[in-house]
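Peer 1: Whole structure, please, built from the sequences with the hints as guidance.
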Amino acid sequence: MKFYKEHYDVIIMGAGLAGLSAALQLQARGITDILILEKHNLPGGLATSYVRNGIEIEATLHEMMSIGSKEDRLKVGTFFDEMGIDIDWLKVPEAYRFIEKTKKIDITLHSGFRTMADEIDAQYPGWGDKVYDFMNLCNRVYNSMNILSVTPMSKPEMLRKHPDFVKTVGYSAKQVMDTFKFPEDIVDILTPYWIYVGNPMSSLPFTIYAFLMADYFRGGSYVCRNFSHEMSMKLQAKVEENGAQIEFRQEVEKILVRNRKVYGVRTKRG
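Reading the sequence shown from the start, the letters are residues 1 to 270 in the numbering used here.
These are computed hints drawn from the structure, not numbers from a lab.
Among these hints, one or two may not hold up.
Taking lysine to aspartate or glutamate pairs in the DMTMM-like style, the calculated list, with each CA pair at most 25 Å apart, reads [to be verified]:
id, residue 1, residue 2
1, K174, E100
2, K70, E82
3, K91, E63
4, K268, E247
5, K181, D129
6, K238, D106
7, K75, D133
8, K39, E247
In this text, all values refer to a predicted model and were calculated from it rather than measured experimentally.
Peer 2: Structure, rendered in structure tokens:
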């Protein structure tokens with residue numbers, strides 16, 4: 001019996017979150033003849049954990065965005081629900097705590113645009129409403145990005161339906177934030193999430209910053225009760241249940257192309 005079939009409709013390289021999610025999306029559209037090749041011996045990529053001295057520890061994925069509550073599911077949470085993957089999500093109590101000792105700043109912000117604006121206003125009276133307006137701008141851009149990512153649209157229609165997205169696209173987070181004339185302390189409080197993307201605010205696109213801020217403060221962040229490895233294993237189980245073949249310790253060495261079309265792959269094992 002051969003290890004592989006002669007033909008697959010789709011070959012996916014990698015059984016990380018992206019590869020497994022891609023397989024689920026294809027299966028939802030009726031494409032089930034799928035081979036997934038993964039060089040590691042476990043699924044999930046960065047969504048994994050390990051045990052040391054009887055204690056289970058997350059490797060890298062300390063929290064998930066785009067989940068949302070059961071009453072207000074966001075994009076990733078909706079995806080899991082639609083794919084029939086049941087995960088026990090636990091909400092992280094706060095968005096973040098920001099401490100800057102030289103400026104004597106110590107503030108904890110929680111999800112909810114009005115909530116976090118009021119928490120800032122409690123330490124910087126008179127600025128809460130402006131922070132709230134800023135967060136609503138982020139939310140409008142966030143909503144536009146979610147729509148535009150899946151909806152073809154002409155430029156005139158985009159101008160009519162998504163004016164805030166059009167007005168801010170091409171500007172950095174710093175440039176847009178500067179128009180609100182926030183005090184330096186409030187700017188510091190509103191910008192810790194730059195660490196997730198690595199850009200300074202002067203070069204971080206406002207669209208990316210707005211997406212992060214709106215998502216985290218609208219829906220909060222979540223963790224899996226049984227660690228992110230649970231998520232990876234449930235994704236794998238659902239993909240295999242739907243008919244895909246997953247093979248581990250199989251690293252793709254080369255994508256095979258003929259007449260400018262991909263026709264297969266070669267693994268390090270041949």
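Peer 1: Does the structure keep K268 and E247 at a Cα separation of 25 Å or less?
Peer 2: Since the Cα atoms of K268 and E247 sit roughly 13 Å apart, the hinted pair holds (cutoff 25 Å).
Peer 1: Could you grab the alpha-carbon distance between K75 and D133 and see if it respects the 25 Å cut-off?
Peer 2: With Cα atoms ~23 Å apart, K75 and D133 stay inside 25 Å; holds.
Peer 1: Next pair to validate is K91 with E63; report whether the Cα-Cα distance is within 25 Å.
Peer 2: Holds, because 9 Å separates the two Cα atoms, which is no more than 25 Å.
Peer 1: Taking 25 Å as the top limit, are the C-alpha atoms of K39 and E247 close enough?
Peer 2: Judged against 25 Å, a Cα distance of about 8 Å means the pair holds.
Peer 1: Is the hinted pair K174 and E100 satisfied, with a Cα-Cα distance of at most 25 Å?
Peer 2: Cα-Cα ~19 Å, so holds.
Peer 1: Check the hint pairing K70 with E82 against an upper bound of 25 Å on the C-alpha distance.
Peer 2: holds, 13 Å
Peer 1: Between K181 and D129, does the CA-CA distance stay at or below 25 Å?
Peer 2: Measuring from Cα to Cα gives roughly 13 Å; hence the hint holds.
Peer 1: Compare the distance between the alpha carbons of K238 and D106 with 25 Å, and conclude whether the hinted pair is satisfied.
Peer 2: violated, 44 Å
Hint 6 from the earlier list is the only one contradicted by this structure; the remaining hints agree with it.
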